[in-house]
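Chemist: If you read the sequences in order, they're chains A and B.
The working numbering puts the first sequence at residues 1 to 523.
The working numbering puts the second sequence at residues 10001 to 11061.
Since the hints were made in silico from the structure, they are not lab data.
Using N, Cα and C, we set each Cβ at its ideal position, and we do this for glycine too.
A portion of the hints provided could be inaccurate.
[Said to hold, decoys possible] Covered stretches of chain B (in silico footprint by chain A; criterion: 3 or more residues with CB under 8 Å from a CB of chain A, positions within the stretch not fixed): (1) 10194–10205; (2) 10743–10752.
[Said to hold, decoys possible] Here are the in silico distance ranges between beta carbons for each label pair: (3) T10574(B) <-> A348(A): 53 to 59 Å; (4) S10659(B) <-> E125(A): 46 to 52 Å; (5) S10576(B) <-> I282(A): 53 to 59 Å; (6) L156(A) <-> E10546(B): 38 to 44 Å; (7) R10563(B) <-> S32(A): 37 to 43 Å; (8) T344(A) <-> T10574(B): 53 to 59 Å; (9) I282(A) <-> E10858(B): 53 to 59 Å; (10) R10476(B) <-> T521(A): 57 to 63 Å; (11) E10858(B) <-> A432(A): 55 to 61 Å.
Take a look at the letters that make up each chain.
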Amino acid sequence: MKTTLLYIAMMLALIVSSCSKILDTTPQDFVSPVNYYNTESELQSALAGVYDRLGDNRVYSQGMSCYMVFSDEFFMKNQTSGMNANIVDASTLELNRHWETLYTGIERANMLLENIDKAVKVTAEKRSEIKGQALFLRAYYYFLLADEFGGVPLKLQSSKSPEEPPLPGTPLKDLYERIVTDMKLAEGLVKSVSDYGYNTRITKTTVQGILARVYLTMAGAPLNDVAKYADARNYAEKVMQSGLHSLNPDFKQIYINHVQEIFDTKESMWEVEFKGVNQGEIQEGGMIGSYNGITCGNIEMGYGYDYVHATAKLYNAYANGDQRRDWTVAPYRYVTSGQTAVRTNWAADQIYDRSNGKWRREYELLLPRNQNYTGTNWPLLRYADVLLMFAEADNYTNNGPSANAYKAINMVRRRGYGKDVLIPDVAADAAANLSQQDFLDLIRNERLRELAFEGIRKHDLVRWGIYPSVMQTQAREYQTNMPTALKDAAVAQAQRVTDRAVLFPIPNSELAVNPNIKQNTGW
Amino acid sequence: MNMKPNLLLTVLLVLGIPLSSLAQAVKTITGTVTEENGQPLPGAKVTIQGKKASGVTDNQGRFSLSNAKESELLVVSMIGYISKTMVITNQNQYKIQLVPTNTALDDVVIVGYGQVKRKDLTGSVGSVVMKDMEKASVVSFEDALAGRVAGVQVGSGDGQPGSISNITIRGGNSITQSNSPLYVIDGFPLESPDNNTINPDDIESIDILKDASSTAIYGARGANGVIMIKTKEGKVGAPVVNYNNWLGYQYPAKQIEVMSPYEFVKYQLELNKTSATALYLKDGKTLDAYRDERGINWQDQVLQNAFMQNHSFSMRGGTAATKYSVSSSYLDQNGIVINGGYRRYQGRFQIDQRLGENIRIGINTNYTYGIKKGQIANLTSDNLNSSSAGNASSYLMYSTWGYRPVTGNADDGNFLDQPFDDDVAGNTDLRINPVVNSNNLYQYAFNKSLTTNAFAEYSFLKYFKFKLSGGMTDTRLIFERFNNSNTAAGNPRTVYGQSYGINGSLENQNIRSLLNENLLSFNKTFNKKHRLDAVVGFTMQKNSMEGDGFVSILLPNESLGVRGLDQGTVLVKTTSGTYSTLVSFLGRVNYTFNSRYLFTASIRSDGSSKFARDNRVGYFPSGAFAWNIGEENFLKSVKAISSAKLRASYGITGNNRVSDFAYLSVLDQEVGANTGNTRSGYYFNGQYIKGTVPVGLGNENLKWERTGNLDLGLDLSFFKQRISLTTDFYYKRTTDLLLNASLPTSTGYLTAFKNIGVVVNRGLEFTLNTINLRTKKFSWTSNFNIAFNTNKIEELNGDQPSLITRVSNWNANFNNSLPYIALPGRPVALFYGYVFDGVYPLSDFNVLSNGSYELKAEVPNNGSARSLIKPGFIKYKDINGDGVVDANDQTIVGNPNPKHIGGFSNNFNYGPFELNVFLQWSYGNDILNANRIVFEGAEARPSLNMFKTYENRWSLENQNSDLPVAGGYGPNVFSDRNIEDGSFLRLKTVSLGYNLSSTVTKKLKIQSARFNVSAQNLITWTNYSGLDPEVSVRHSALTPGFDWSPYPRARTITFGMNLTF
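Taking the hints into account, I'd like the entire structure generated from these sequences.
Modeler: Dropping the structure here:
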């Protein structure tokens, strides 16, 4: 008996000693952060993950080209439900996803920035270049969040445990200070666009141009820190003096380039790069041209959802001779019958029936076309915008338009009229001797004409402090002048822009589990 | 009828002593042991009291004993029957009938790492009455389990063949994790087996461990309850060969009535007069002309009466040294939806060999090959490889109900064969013919499952046994899909088809579990009064899973089918692998004093690789006490009470249902669609760079979820066990929930695992077994059980006030409506939404000068813009009275949790006839009928047919209706309008059997023959308007009771034959 028990005891002892070994398991199909961020390709791969967020459907592939940026330049035809109809509350899925997408981008950047110096074998120069891009993108995502949601939580370290206490909102001013600090730091780290030859990476002049945009935003509502006009002017001027950028002489070619994936680094300073039609393993197509394009029911011809329609305000903002009008506001649509679709012009009085015409699918080179997805790039910063920002900031700091401000706006206008940008033109040029206010009004309208459908109008209206009032005016205008078949939905969309709409509600996915954050006013 | 022999026995016993003192001659007696109906009982033990001599009856129930003396007592006993004692008289031939034990106090109950007699049980264990359950002709035991055992809630999501049921024991503890029990099949613990791999004919017993005293021995996996399944073993005796077969038909138990051609066209005209006139009133055709058209009822086309058959063969037998059992079966179940079904081939081999006095070895192997075919009804058919949402019209029942009954054209005859409805099919609104789509879909799921268990048992030192066992289950799942040009995913006109052409996918999963167990047990009775029974053990288990697969698109040769996938372009390829290990020590002591006081204590320590080093080990103790109060003198004198036992137990159990590496943060590279938080990668100047991004936030502090479980029970039986009652009260409190907790999304993550939250379940269970009537010819016995459970969240994710949940991947239009809420103080899931308030009557409007209607300023909107609201539109209550109906007006609108569930089984025997009637119910649970949302007006797509109920919608001519006007559904929200009472009482099984009399079987040279006709789901009494009230598609603890495009429930009639040779 004793020997048997002894034997069993020995067996058990042996087993026990091997237990902890059995319990030490290692993951088979994923890597842990501790094992990563060592080589340049690993760093580049992590950086691609930070960029990736720009192309999400709830960022620039779809949402930020239309239903997240309702303004006076468009309405969503006959859309009566969901965010397409500008119905938003804290539980709106698209809005939750939008917030989540930006914050995952921030987390990805945080992880990369924390770990990048582990990669000692990668040259310091290379690391700087990567660090600069990640730093800028994190700041840019915060800029979008601050612009859309106000004083959001500022998180500059990666999450270490789900049990960390939730972060409170950050005062808007502090948030912007950090955005500016990081962007300025990035300015010194990233390379020049001439080093790349394409415009989908963050480069020095891109950082400067976006800094101008950030400063203009700070100068306007709600911070109204007017001292920042000088910074905005300064950064716009840096871009103008870089010698790297100029206007494309042909307005429509800018958009054909987007559609055909041709990089025009002079005019188009920063784009979201989409590619392919989501046919295959890598799915990096966007919905530019389909979701917000010309109405067409035929896939071969280039399908266009009948959503984003121009307003009469936009159409009528263009004077005669302004070639931008009939490119921006499509004068035709495709009428589908059976398996074919025929290009058909609108009658002269059919203004509200016209779609956004900037990105025309007939120019797509990759065939056959896909119903939803296109390789069309999305412009995030154009040189024309920099010129107009310069003019706007200069008009403020100079207490009225200077010659340089006139020069900047006239370059944009002349190009719109198909003229040489440097040769004065009676038809195209802005009226001389405008007062400070009149020049500001001109710039506001010029921005509408030049940048329509590029997702910037709502941002402009908000910073000018006129978003709700402009939209309520639009609602009345639709009520009076819109065709009956389109009216009800469009009126409701515009009416929803009340005072609270200058900010989105903080989404439920944050609010429900973060007791330290407050809902925005009115939501 | 029991009374008389027992009385006689008592008298004889009293006289026994003087009688036995008379010396008698030794003689040999013979006899037969039968059931009451004359069926011979093999394997009964026959002994003479006080003597060593004993015998076992053979296949014909015969026995023979030498060494018997007159006036000695002959004892005949058999598990499952009441032992009988009779006095040996001067006769040499005995015919003994045994009566089955209805209360089965002597039944052996399989518990963790052992077995006990029911009367010695301290914990709460429910046993399935297998004799009743066998009456149901089912594919898997899960299909017949509902209502059999108190407190075991079994819900099949819908009627899909080969699908797996959701089983919850005594209410769900977990909020975000699985609540399914642990299965222990012939000693092998598995967390989520596919129970379709077990042939129900192979099952000897199913015991359900419910309280901590019985489940704590499974420690970290015991909290959800344990289902112990034991397969049949060979028995000593000549080979018993059994052939069991049934075949029959299944047919759809119900159809939902949809609109007739006339009603459909009338509705179309109300929806959009211009386009409907162009489509349906061509060439001067009038609406009334449609009254004469039959149109196509697509349900008739898609559903069918389906043949089903099962053949099961077994041979079992053995000697004192060797016992064996072999069995095999074949099952073929056609689906009641065309082109689908389930098929199974299965074989099992078991042997148990004694080597000398002390050693016993055995092996038990099962192999099952299961084939599931056809579209999953509640998932879209047009996605390529996952369960995400696709085109709504490719949901099976959506396309069946919604496909229009007439085209308005003369050639409606071809409509049946055209893959698409051309008149209405724009590119964004493609209608797929459900018949063509179903017939062309190739969707298979193969399951090849091998299980082997082997053991060696060594008995030593009289009271000790050491058992070493090892086992393996190896399951290979293969999914094959092929979409040809006539399917929703392969036709060039659909979004998928256009992008991917002819396409298909292959996916493999290999799931393996390895087990080693080492048990030392001790069993001794001291001084006749103290019985000690103890077991200690050490076990190791490793679970692993590997998967791989790919999607191939743009296939050039359609005719090759899935074998031509190599010719296409690879779209998605995956490989994955994960594993976990578990190392455990366990121990249990049962101590019984004088058969009156029973104590059980157990402990298990589990070490799991699923947690970080410092939190790996958990200890799960339990203790129980039972008092056989019936043995006490003060109750013994109460004649009516034949036994009584009080039980109390408390213990801690755990739950480890968390992914294998949840404690680690994860980096991953994902390519794929433009949405989702894990997607990564970016093009720079046309060069793609894969993104590596954090996709999971680990938590080093994760540990076991713990459930404290108190059980108080009372077992009573009366009138010599004619009536027996088991009552249990339980209270389960689960703390440190393994919660996939929502994180503030500013963390960069949506969820991560935390040990947080508290859930309480408490309830009452009653099981009543009665022998209602027993005469020579006729008997009626019944089993009734009922269970009440209340479930309550005591604490959610920290301060999180509530958790609202959407039904994933349902209908993109409802993405912003979340119909489920979890609130502290309330059950885990409640329905959440608006309160339906009828429709806007004309009186709510001002009539404007141009004749249009304007909603009066004092009348609240319905969530839509006021300008969009017209008379007859749906109306919701403005609960907070702010004049605006919005998200703040949502409230709790229903409760998907039943108040009580139960079952009622009755057996009637009359001569050779047996009738089993089994009823099952659920009371007080609500269902969210999402089909009615869509098909009573919400999805106002042109030419989409609606339910017939929608014919009674509001219109100027029918202003008394509360169904919204055509096109008047308003915002896409959930409301109590579609919450329905899901209570039901179901006549689940009726089985009528006939046993051939022994005279006939003797002539046929067979041992016994039984014929039966049996029906499943014969009648369901319910107020629920959907196809079936037992429904829960996309089931999870947070989203129960959702009804969307369910696979219709079948009613089954089978004819069976059971022959024993």
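Chemist: Are the hints correct? Go through all of them and say.
Modeler: Hint by hint, here is what the structure shows:
For the stretch 10194–10205 of chain B, the assignment as covered by chain A is violated, since 0 residues bring a beta-carbon within under 8 Å of that chain's beta-carbons and 3 are needed. Given as covered by chain A, the stretch 10743–10752 of chain B passes the check, having 9 residues with a CB less than 8 Å from a CB of that chain where 3 are the minimum. Hint check: T10574(B) to A348(A), Cβ distance near 56 Å, so the stated range 53 to 59 Å holds. Here the CB-CB span from S10659(B) to E125(A) is close to 41 Å, at odds with the stated 46 to 52 Å.
Taking 53 to 59 Å as the suggested C-beta distance range, the pair S10576(B) and I282(A) does not conform, at roughly 19 Å. The hinted range of 38 to 44 Å is satisfied by L156(A) and E10546(B), whose Cβ atoms lie roughly 39 Å apart. Between R10563(B) and S32(A) the C-beta distance comes to about 39 Å, which sits within the given range of 37 to 43 Å. Range check, T344(A) to T10574(B): Cβ separation about 46 Å, and the 53 to 59 Å hint is violated.
In this structure the hint that I282(A) and E10858(B) lie 53 to 59 Å apart at CB holds, the actual value being about 57 Å. A C-beta distance of roughly 59 Å is found between R10476(B) and T521(A), which places it inside the suggested range of 57 to 63 Å. Roughly 56 Å separates the CB atoms of E10858(B) and A432(A), a value that falls within the hinted 55 to 61 Å.
Violated hints for the displayed structure, listed by number in ascending order: 1, 4, 5 and 8.
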